[in-house]
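Starting from the known structure of chain B, fit chain Z onto it as the hints suggest.
Those protein sequence lines, which keep their order, are chains B and Z.
For the first sequence, position 91 (counting from the first letter as 1) is numbered 91 according to the working numbering, and the numbering increases by one without interruption.
For the second sequence, position 35 (counting from the first letter as 1) is numbered 191 according to the working numbering, and the numbering increases by one without interruption.
One thing to keep in mind: the hints can contain errors.
To be verified - Just the calculated beta-carbon pair ranges, DEER-fashion:
| hint | chain 1 | residue 1 | chain 2 | residue 2 | range |
| --- | --- | --- | --- | --- | --- |
| 1 | Z | Thr462 | B | Pro121 | 51 to 61 Å |
| 2 | B | Pro121 | Z | Tyr624 | 34 to 44 Å |
| 3 | B | Thr59 | Z | Asn750 | 51 to 61 Å |
| 4 | Z | Trp265 | B | Pro121 | 30 to 40 Å |
| 5 | Z | Arg677 | B | Thr59 | 22 to 32 Å |
| 6 | B | Pro54 | Z | Gly261 | 51 to 61 Å |
These are calculated hints, taken from the structure and not from any lab test.
Since we're looking at a predicted model, the values are computed, not measured.
Backbone N, C-alpha and C define an ideal beta-carbon position, used for all residues, glycine too.
Residues per chain, in single letters:
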Amino acid sequence: MKLKLVIVLVMALALASCGGEKPKKDVSGAEPATEKATEAVADADPMANKGIGPISSVTLGEIDQTLVAEGETVFKAKCTACHKISKKFVGPALKGVTQRRSPEWIMNMTLNPEEMIAKDPIAKQLLAEANGAPMANQNITEEEARALLEYFRSKN
Amino acid sequence: MKTIFKYFITFTVVSSWLVSCGDVNSGKSSSQGALSTNAAEKVYVAPGEHDDYYAFISGGFSGQLAVYGLPSGRLFKVIPVFSVDAEKAWGFNEETKPMLNTSHGFIPWDDSHHPDISQTAGELDGRWVFINGNNTPRIAKIDLTTFETTEIIEVPNSAGNHSSSFVTENTEYVVAGTRFSVPFPQRDMPISEYKGNFKGALSFISVDPEDGRMDIKFQIMMPGFDYDLSHPGRGASHGWFFFSTYNTEEANSLLEVNASQNDKDFIAAINWKKIEEYVNNGGGKKVPANYAHNVYDEKTHTATSTMKKEVLVVDPTEVPGAVYFMPTPKSPHGCDVDPSGEYIVGSGKLAAELTVHSFSKMIKAIENEDFDGDAYGIPILSYESTLAGAVKNPGLGPLHTEFDGKGNAYTTFFISSEVVKWKLGTWEVLDRKKTFYSVGHLMIPGGNSRKPFGDYVVAMNKITKDRYLPTGPEVTQSAQLYDISGEKMELLLDFPTVGEPHYAAGIAADIVAKKSKKFFRLEENEHKHAVKSEAESKVVRNGNEVHIYMTMIRSHFAPDNIEGIQVGDKVYFHVTNLEQDYDVPHGISMIGANTSELLIMPGQTESFVWEAKQEGVWPFYCTDFCSALHQEMQGYIRVSPKGSNVPISFTLDGDPVDIE
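Next comes chain B alone, as it looks inside the complex (with noise of 0.2 Å):
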């Protein structure tokens, strides 16, 4: 079984390494956008950096209560064992996060944990800061990540 999945992934990669086109899906509709090269990244404007995981693109209109309600369920329910929103706890506190990360960013981060941490710059460095602490994967659908981002953007 790992072994099919190392396959896959090898056949990715070289698909990747020969500049192929991975579609991600997109819950805001829209088309299928590329992936960008992610190592620059560091240095580069955050707010630029999408991550790595199923979000693609995420479009934002004006704040909307009810999500908002329903992401501070979720986030009670998963997340507050590492996160406070007014205080560094085991995770970064998470007041003012949409200023300073991409939506899609925030999702793929909650999303898929394991593979930004291994691979995206800013989710690498905030592991360092967190003394090597890994972010639990609490198998969020994608729904609940989106009224998360919500949520969080109402705490700036």
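Below, chain Z alone, put in the same frame as chain B:
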């Protein structure tokens, strides 16, 4: 892809081995035939690859059930069933203590014997495994989505619950036949008056097709013989159940001699559909009883034990046409039905031949009233009229037979230590292979169904003298794997087992693996002491009981500093694992705890009690290596003198647990 890779890797490994060995015809390994038989290749499952079959091998006197992979023989898990288990806190935590409740009180041990996998339309469906506790009669059900025991029902009026726990072909019933007959009702009476006064209860436990809930539908009160093993009919014989007997002499002392007097004992043939119909129409008699029914709820993660007070008993003579005896030489043990349902094999432990009865001939004999007397009013069919044939000179001490679905049967011989392959219908012996040593049961995955997976047979041995490195007088128990895909059997592998490998059931891995649960959803956790976020965690005093509602996640507890506990307090830890990630359990234990650690799965809640006996500041810690910072997952409880004015307080990082 998978298979190609497996071959590729095997080829690579074997060829590198060949290269490194140089001359393959010299040295010890070639003299043992390892290379010439390619047995190693056949059991090699490359790192990261999965086995083709699950084998559920009973732990015998360990009281548990072990899960192995085939063909590798690797041990994956020991599922606690009838005995307490420190690794999983089974019988130690508050949630599972009720599972080991019986009419005799909390019984932390049993002798687990015969696992059987649930079936639909005669084929294995991979939903549940049933297994019997032999000593304090019980039947357990294990849920194969979680590989946890979720129900245990005690069986009244029984003793030595051995002829169980086999299921009918739609899992309508799991049976629990008593090996030892006992007074019915139980009472103080002279043992010498056994004959005619002791009874043998054959219990039919219904299984709800939806949730698997068990209930003793009826008990057939049979004559006081020993009911040793059983198997369900299938196909044409579906609706019948067959039980082997010994001690038809009804001896009560030195049975080795006194129960070997009769030339023939019986296989009891029970038409359970007829008895079910009789019961559904108001037949049978409700009699007082006292037995525990223990159910584990996967939403509350908690078991409850209910004492039941009556059971429905059926006198077989009141249901004409439902019960018959088929004479079978001589002290038969195994009672095995072939996949077509036509042949019923009785293994007379002291018989020179292996006796095979024919179901269709049995029906004809019943129609013709071809009887040879009766026993306590139950008709005895004439031996010749039910006989399909006999395997001549098969070996010494036949015990059990399994089938490959290709018209062949495989029988174990305890005394001559061998597995013998023979042909159904012609009764000729086709092959025989040694076992090491004194083999009991054998198992072909799907053997007790209409569709066996006829690739392998597993032989389970009672003795392994000199077969492994010695470990004192007691050496490891073991099983052996044979390839039966060809004309001749081939011994591929020995592997050590937990406890006594008494019996086993096997199933193709893909039927079970795809339904395996990964974690428990926090939203669905209905444990009455669950807290679903750190903000909800708390410490509550109630007299001299203190309840700690705690959460765990990589790599800390919340709260982790607790003060205000006093000497003499009973401290309940109710701990919820907030993880929602596959395969990330956490553990917790407390210094001086008179119990085992808790091993809590993602999304689950468990509880244990710790008694504060001495003043001081005492640590607790995570017992399951959960992350790089696992060592840091710890906390303290301050214990003050009794009557102290230190208030209850609980914090994390110096803050209240609900700080935003």
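Here's how the hints hold up against the structure:
1. Thr462(Z) to Pro121(B): 51 to 61 Å: Once the Cβ atoms are compared, 59 Å apart, the range 51 to 61 Å for proline 121(B) and threonine 462(Z) holds.
2. Pro121(B) to Tyr624(Z): 34 to 44 Å: violated (53 Å)
3. Thr59(B) to Asn750(Z): 51 to 61 Å: holds (59 Å)
4. Trp265(Z) to Pro121(B): 30 to 40 Å: violated (57 Å)
5. Arg677(Z) to Thr59(B): 22 to 32 Å: holds (30 Å)
6. Pro54(B) to Gly261(Z): 51 to 61 Å: Holds, at about 55 Å.
Checked against the numbered hints listed earlier, the structure breaks hints 2 and 4; every other hint is satisfied.
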